[in-house]
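Participant: Residue-level listing of the chains:
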Amino acid sequence: MWKVIRASAVGSSHTESNIPCQDDCYADVISTADGIDYLVCLVSDGAGSAKEGGRGANLACLTAKQSIEAALLNPKPIDETVVEGWIVDVRRAIFKSADENSLAARDYACTFLGAVLSPCASIFFQIGDGAIVASSGYVQGVVFWPDSGPYANMTNFITEEDALLNLHVSVTSRRINEVALFSDGVQRLALSFEQRIPHNPFFEPMLNVLRNQKSAECEALDQQLAHFLNSPQINERTDDDKTLILATRRA
Amino acid sequence: MIDLFDSKGQRIPLGKKLGTGGEGSVYGVPVLGNNIVAKIYHEAVSAEKQAKLSDMVRGGDETLKKIAAWPLEILQASVGGQIRGFLMQKVTDHEPIHHLYGPSHRKQRFPDKDWAFLVNTARNASAALEAIHSHGHVIGDINPNLLFVAGNSIVKLIDCDSFQIVVDGKHYLCEVGVPHFTPPELQGYSSFRGVRRTKNHDNFGLALILFHILLMGRHPFSGVFSGVGDMPLEKSIAQFRYAFGRNSASKGMTPPPNSVTPAILPGEIANLFERAFTEPGAQQEGRPTAREWVKALDSLKSQLRACGQETAHKYFGGLSACPWCIQEQRSGNFFFISLAATTAGISSFNLAQLWTRITTIESPGRAPEIGASGLNIQPMPLPESIKRARAAAGVKKVAAAGLIIVCLASVPKLFIFALIIAGFLFFSGADDSAERSARQNAFNAARQNLSSAQARWNLEAGEVKFQDKLKELLSLRTELEGLTNQLAQERQKLQQNIRNSQLHRFLDKFFLENHNISGVGPTRKVTLASFGIETAADITWNKVMNINGFGQKLTGELVDWRKGLERRFVFDPSKGVDPADIAVLNQRFAQKQKQIEGRLMAGPEQLSQIRGQILLQRTQLLPMIRVASQQFAQAEANLAVMG
Chain A
1 MWKVIRASAV
11 GSSHTESNIP
21 CQDDCYADVI
31 STADGIDYLV
41 CLVSDGAGSA
51 KEGGRGANLA
61 CLTAKQSIEA
71 ALLNPKPIDE
81 TVVEGWIVDV
91 RRAIFKSADE
101 NSLAARDYAC
111 TFLGAVLSPC
121 ASIFFQIGDG
131 AIVASSGYVQ
141 GVVFWPDSGP
151 YANMTNFITE
161 EDALLNLHVS
171 VTSRRINEVA
181 LFSDGVQRLA
191 LSFEQRIPHN
201 PFFEPMLNVL
211 RNQKSAECEA
221 LDQQLAHFLN
231 SPQINERTDD
241 DKTLILATRR
251 A
Chain B
1 MIDLFDSKGQ
11 RIPLGKKLGT
21 GGEGSVYGVP
31 VLGNNIVAKI
41 YHEAVSAEKQ
51 AKLSDMVRGG
61 DETLKKIAAW
71 PLEILQASVG
81 GQIRGFLMQK
91 VTDHEPIHHL
101 YGPSHRKQRF
111 PDKDWAFLVN
121 TARNASAALE
131 AIHSHGHVIG
141 DINPNLLFVA
151 GNSIVKLIDC
161 DSFQIVVDGK
171 HYLCEVGVPH
181 FTPPELQGYS
191 SFRGVRRTKN
201 HDNFGLALIL
211 FHILLMGRHP
221 FSGVFSGVGD
231 MPLEKSIAQF
241 RYAFGRNSAS
251 KGMTPPPNSV
261 TPAILPGEIA
271 NLFERAFTEP
281 GAQQEGRPTA
291 REWVKALDSL
301 KSQLRACGQE
311 TAHKYFGGLS
321 ACPWCIQEQR
331 SGNFFFISLA
341 ATTAGISSFN
351 LAQLWTRITT
361 IESPGRAPEI
371 GASGLNIQPM
381 PLPESIKRAR
391 AAAGVKKVAA
401 AGLIIVCLAS
411 VPKLFIFALI
421 IAGFLFFSGA
431 DDSAERSARQ
441 NAFNAARQNL
451 SSAQARWNLE
461 AGEVKFQDKL
471 KELLSLRTEL
481 EGLTNQLAQE
491 RQKLQQNIRN
501 SQLHRFLDKF
511 FLENHNISGV
521 GPTRKVTLAS
531 FGIETAADIT
541 WNKVMNINGF
551 GQKLTGELVD
561 WRKGLERRFV
571 FDPSKGVDPA
581 DIAVLNQRFA
591 QKQKQIEGRL
601 MAGPEQLSQI
611 RGQILLQRTQ
621 LLPMIRVASQ
631 QFAQAEANLA
641 VMG
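Residue numbers (the working numbering), protein chains in the order written: chain A, 1 to 251; chain B, 1 to 643.
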């Protein structure tokens, strides 16, 4: 049984200039008719430089969620090509909206990362920065190390011409018991760039709380996570929008 | 498979299925040999169509059978029963015409074919239609999938059962049409059921096909639209927006960037296109007929010229320069590849020998100095009036002196008056200012004249032109010697770009027309092709976005199709540089080399000519400079004598 918490918080630099949060996320369990539960987590970070980055992030999560749901209900096995199809669906939705609003696709620029976890298999994908940390319960690692360095202000977006080439996909038959997805704003706190590993002291306390929580009480934790992401101790380390999804099925 | 029978009741067993189309499938008929195939309809054939097929078989003659896959015999479900299909000639070793006119296709399917071949094919396509028309038939649905071309440029028509046929006064209509090959006056028809097509309609389709063949696969109605909103191809046709026409600007159209235009054709042929694609053509019999095209293209065939630089280039001899060379230089598009030129460096050219010939041509040297020395110059004498005045002035001066002496000696009191009178006498002198200024002007003019004569002398009779040519030849020599180095560098680069070129070749195998891309139907594919986008390799975001009617949604579909393929591409570092890439590079350099060699080889001749010209100028200009020198010396002396 998956227990999930997720929260997005507007960055301090955005609060000052009154820009709403440009991050968006989705995390929920989708159950298919044959009774299998799939945890679907999506994080998208709208580019601060893009006029409609937040809308891009929103469209990305919304569209991908629908595509993934459709794919899960379809008996066809999910492979890399299917994942590419989800990305193409997101791009279609963004391009269509851009055409309709006389905007350029780059106005919707956003990064995109996600995970789909079944009892015995896992799919991860990512375009641009942010990261996914996955753990089997004993082994923990970063699925795709971020392309850019900790401070470099360059990243890839799902709206770019080369999006499909910049797309990382990993389909494994490994069972994943804990997963964290986060945007670039959290990345600096959650990863140890020197050792290229997850920064355990960041995750462990939160995961510990979650593991011991009853599923019904997880919703309240979303609020707490949001508070935490907005806390001064976080804000003095990053002024960017922050999104974090944490999930565990460890008892 | 059920048994089929021909009209004589003979049983015709079918062989392997060779292909399937919308209407029916084509089967081999082994008992009748390799050249006969059977088309069998998927569905029951209407009574009208059955009558049409029977009449076509009856009306087929040798001409029709030669140019078209004409129905040769009907096939019936039972002896004398329902017609299910027909026998026809198999069109073997032919390719659909767009595999010839699309530049990317051509490089793969017809690599050795040049523009002369395209002109021939255009002519043969016209001749095929002329034959159909002379029988009273009309194709109705002319489109690139209907014409097949062989390696000898012979064109064959297929899908004859859809033609509009008239046999014994009975008309069987053509009920299909391809929108982007449909004439303006028939655009917007949702169905061609009951529509009688005319030869003039066919002549529109023919002109479209010929335009594609002669001008590198461009659709004449697909251009850059400067107006507001979308200009889809069908709308552009309906509104006669011929993008390459003389008045295209007034219709808000310009040809796509880097396209080859009718300017490379004889004016006569450009006029035929003009007539075919503009409003007057839509009038009764307004468009050029197949016969007119045959005539015009035959005339073009006899005026073709081979490019001096590149054997793969053939062009209309009325042009001052090879349009394919210009196009290659301007856009980097190689429309024709020369198989002969792939072995660079083989030529009879010998630089050392040639250079010796060049250096043995002696410079005419500096122009000899031509002065007035040795000339016997007599100044022009002063006019009598001035001489007299000057003599009188002498007397007056003596008188003035005398007056003062006399006055001082006799009446010193009146000295002051004497001084005034003497002064008047002394200074009244002789007035020669008019003569002086005339001589001064003459002198100035002569000086001016001499200096321009001298300048011309130095230029025409001096060695400047000779030395300039020599310098030019020297720099060509340096360029030629550097070419080998440059080629080596480019090959090095090729080695470095090996991944890119492998990727390019990989993507170039994916033709848009063979793939389903969401939102990109046949018409859009034609538009893309006319903007030079035939394969996945040609797709970039900016290239597609710049085409009218392609928004971000469609552009995204195309880009993602390409990038999806690109994801599948696996680089093989062991493969090395593709020989075809080396061939193109060699060709480019061979072309450059030939060009420089050609100019160098003309060097000795040109140098001798320049030398001869200079020496000739020396004798021809000598009188002129002599006269000028003499005139100057004379004017100088004339002025000097004024004192």
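Just so you know, the hints here were simulated from the structure itself, not pulled from any lab data. A few of these clues could be false.
[Said to hold, decoys possible] In silico lysine-lysine, DSSO-like type, Cα no more than 27 Å apart, as pairs:
id, chain 1, residue 1, chain 2, residue 2
1, B, K199, A, K96
2, A, K96, B, K314
3, B, K107, B, K314
4, B, K469, A, K96
5, B, K314, B, K469
6, B, K235, B, K199
Participant: Out of the numbered hints, which ones does the structure contradict?
Facilitator: 1, 2, 4 and 5
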